[in-house]
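Asks: Chains as they are written, first to last, in this note's numbering: chain R, 24 to 194; chain L, -13 to 722.
Be aware that a few hints might be false.
With the Cβ distance kept under 10 Å, some of the chain R side facing chain L (calculated, not the full set) [to be verified]:
| no. | residue |
| --- | --- |
| 1 | A36 |
| 2 | L37 |
| 3 | L43 |
| 4 | V49 |
| 5 | G51 |
| 6 | W130 |
| 7 | Q145 |
Hints are computed from structural coordinates only; laboratory data are not their basis.
Treat the numbers as computed from the prediction; the structure is a model and nothing was measured.
Virtual Cβ for every residue (Gly too), placed ideally from N, Cα, C.
Given next are the chains, with one letter for each unit.
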Amino acid sequence: MSKKRVLWIEDGALTDLPQLVGPVYVDGNIALTVALDASDGFRKLRTEEYHAVIVDIRLPPGNDDVWIRLFEAVKQDKTQARLGLVLLDACLGTPVPELRTEPRPEWWSESGRFAVFSVEHQRELASDLRRLNLTLYRQKSARESRLVLLELIRSILDNHATVPTNAESPD
Amino acid sequence: MCPYFYIEGDNVADSRAVSALQRFHEMTSDVFPVAIYLVSPEGVILASNTELRKLLRIPADEEIATVNLRGFYRDPDDRDRMLDVVAQAENIGKLPARQIVDFQIGEDPITVQIDCRPLRDSESGELLGYTGYMIDVTLEENSRKLLNLLSEGVFEVDEGSIVQSSNYATARLFGGAIEGMDVRALFSLAPNAPALEDIVRENGSAKDVWEMCSLAGERFFAEINAAVLLNSTGEFAGYQATIRDVSVTEQYRKMLNDAPLGFYMVSTRNGEDTVSNCNRKFANIFGFKSESDVIGMRMRNLHGEAKNYEKFLTKLRHENSEGNPLLGHKIHIKTHDGRKFFIEVNAQLLHNHSGEIIGRVGVVRDLSDEIPAALQVKEMTNDIGHILHTYSATLQMIQISVDPALSAYRRDLELPQQISADDAEHRLSREALHLADSIAALKVYVKGSAEHIKAVSEQNLNELTRLQALLLNYETEVQTPEFRPPVLLEIASSVRGVCRNIKKGAIAREMTRRVASDALILEQLCCVIALNRVEQTIFEMDYEVRSLRDYITQAERTDEERISDVAVPDLIRQSIANVVDYARKRNVEVRRKLPFPAVSVRAAERDMIRAITNVVHNAIKYSWIRDSGENSWVEVRADVTGKEIRIEIEDYGVPIHADEIEDKIFKFGARGRFASNRRRIGTGVGLTDSKRVIERFRGKIRIFSRPTRATTREIQYNQPFLTTAVITLPISRYNR
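Please model the complete structure; the sequences and the hints are all you need to start from.
Replies: What follows is the structure, encoded as structure tokens:
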């Protein structure tokens, strides 16, 4: 069986949370791609299709001028900027004009492929999650085990019974 | 019979008329205190009294008929002008008005008031001459001229409120002459407000600011000083007043009175301070309704607490001796109505030309609401400081707990204290291969017997095969180097799990033991790599927490207790000592360019050490991470430039974008765009704190960042930059 393509957009992936990827790789059924900032994450979303996308809300902008401008517009604070939400809006909701993508990838409309893994309490994001029709959410906390990322990915994959034909990844 | 007075024909012969004339002549000659004259149309004096001789200083032996009045006019044309006025009045059947004319009597100019009438023949109407009287009004005229030169308005009002006279300044103020006007029309009085006249009638005088209305209808504020005029029977006959426009001052006064700060002026006489002026807020602060309640009071009594007042005066004089005003002094006062609270005073002493203190001016602020808030902030600061102290202790506990495990693993694996990324990679690769080999050996052993295969189970064998493949291909499967240790850890852990699943006794124990042992070694190695990072993170966090704690609690430490001359070499040495362990952990070499100049700066030593340490720490933190080859470096150097010491901290490291250098980099919580790599943890407080401390002690800090490689027009930020932090501080002392 071909591996499921999973994109994890998380700036702490290499520094704070590398331990989470061990179980994902060892699972054997997941081809994990990591993006460390909004620029790189959005670039990957536009060029490839993924079975599952896990997004952090507090992202740095990266090197793309559009994202840098969006970041600077909110006093250059990633807590306030919430670029992860901007990115999710670009895919699932109403994108800011600079992020409109034509044609819009069809798979972006499947909100079930997306999940949020962030430090905020779910309450803080409730209205945004509702608006984007996002049901899968995990809060980062010291109490979570190293299996949390794998569990989140499996929740997404298990909820998707049918897999679109162009989502196969070459092994 | 007097030949010079022409009268009606029949009366000439009447002896009584002649006697009357003679008597009149006698009277006018000696009794009247005014100069009376009769002149020909050409101006020759035909008759006069003694007063005229006196006024014009005509010698007694000079024949009066030889004197011509024309010769006394200072301006010869004035006589003609005067006679024109007389003729005009005669034409319309009116008496001519009195006229003021300038005369020249020898060397002396005088001013006379002339009342002049033409004399005509009653039958023919022929002009026979002029008669009139003169009064010397030199003094009055000088006064009038002076009044008109005054910039202040002067006017007089009669008992009927009609303006009798005014000077030019008054006319300018109202936009025209106001003589003859009812003065009440010029006041913009609020309903039921007393009129100026009422106050003058009652008190004999009045001094106040009134809202007035000019002739053009424009409103303005005027200060009027009025004094009553009484007639010969002591009854009210009007008043005289000065008037000046105080619109600007009045606006300023209203603004001062509306201000939420208490403005005041004190005059000092014989060692006693008295309130000489203040605004309403000042009065309110001290528990009074209006300024007039406070003006004239002794400041000592106003303050209520003698000890605090003396302390304030001592501080004020001390600051004054250094040429400074006293700013932000908080003082506890007790008002006359018993309230106790804090005020903030800002005051400046006033001196006369001899340097003697004659008073002071100041501003006071009621701190009633602020002090509780300030106390709250102080409490919160203490709480946060305490919490951060607890965090430091917690970090220390974590470090102490991690250290034995890490030391044990290092011992078992024969690993050095510091292991480079390259060495770690090599060791991982070796152990992964070793484990893969162990698994291969186990598989060969198991597959050699159907019984062994059954005992181990297909499932376990397949899993071992899968894990073995992962071990052999992990470098291809896991492209990101940072992910390899956790992946290998997971693989090793899974292998040990499989080994546990194999029934005891199913196969030779040493086969599974060897696999399990090699898996344990790989697991431990991955743990060491992870714990090394934990240890470094604890180290960095400890510095950040302590630095943050110091930054937050610095406000609670008073400057007076801390500021002194501090030797720059000591500051630099101590700052470097604070970060030398951190530098070692990050494989960064801290170079010192000696000697450091033997000078001192005036600063709070603890704060300045922290400020410089933060900059050096920053330089180390953002050094270019080199996985192999020579260490990154930070260089610290210092030299004297004029009257300043210049301390430079240079690093070979992460670029700072040009548009971040000016001020973004110093903002609280800021992280550089290229420093968002999470391997460099930090609160973003360090440079903010450093800048504040340095500027507080009259220094400056600037950052310069430039690429290390030659660039084309556009700067490439994907390369190391040379970043130099330059701290300049004024030298307070040159040490030997």
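Asks: So, for every hint listed, does it hold in this structure?
Replies: Evaluated hints:
Taking 10 Å as the C-beta cut-off, the interface hint given for A36/R holds, the closest approach to chain L being about 8 Å. Because the beta carbon of L37/R sits about 4 Å from the nearest beta carbon in chain L, less than 10 Å, this interface hint is met. Interface hint at L43/R: satisfied, since its Cβ lies 8 Å from the closest Cβ of chain L, which is below the 10 Å cut-off. Proximity of V49/R to chain L holds as hinted, the smallest CB-CB distance being about 4 Å (cut-off 10 Å).
Evaluation of the G51/R hint against chain L yields a held restraint, the C-beta minimum of about 6 Å falling below 10 Å. Interface restraint check for W130/R: the shortest CB-CB distance to chain L comes to about 24 Å, outside 10 Å, so the restraint is violated. About 23 Å separates the beta-carbon of Q145/R from the nearest beta-carbon of chain L, more than 10 Å, and the hint is not met.
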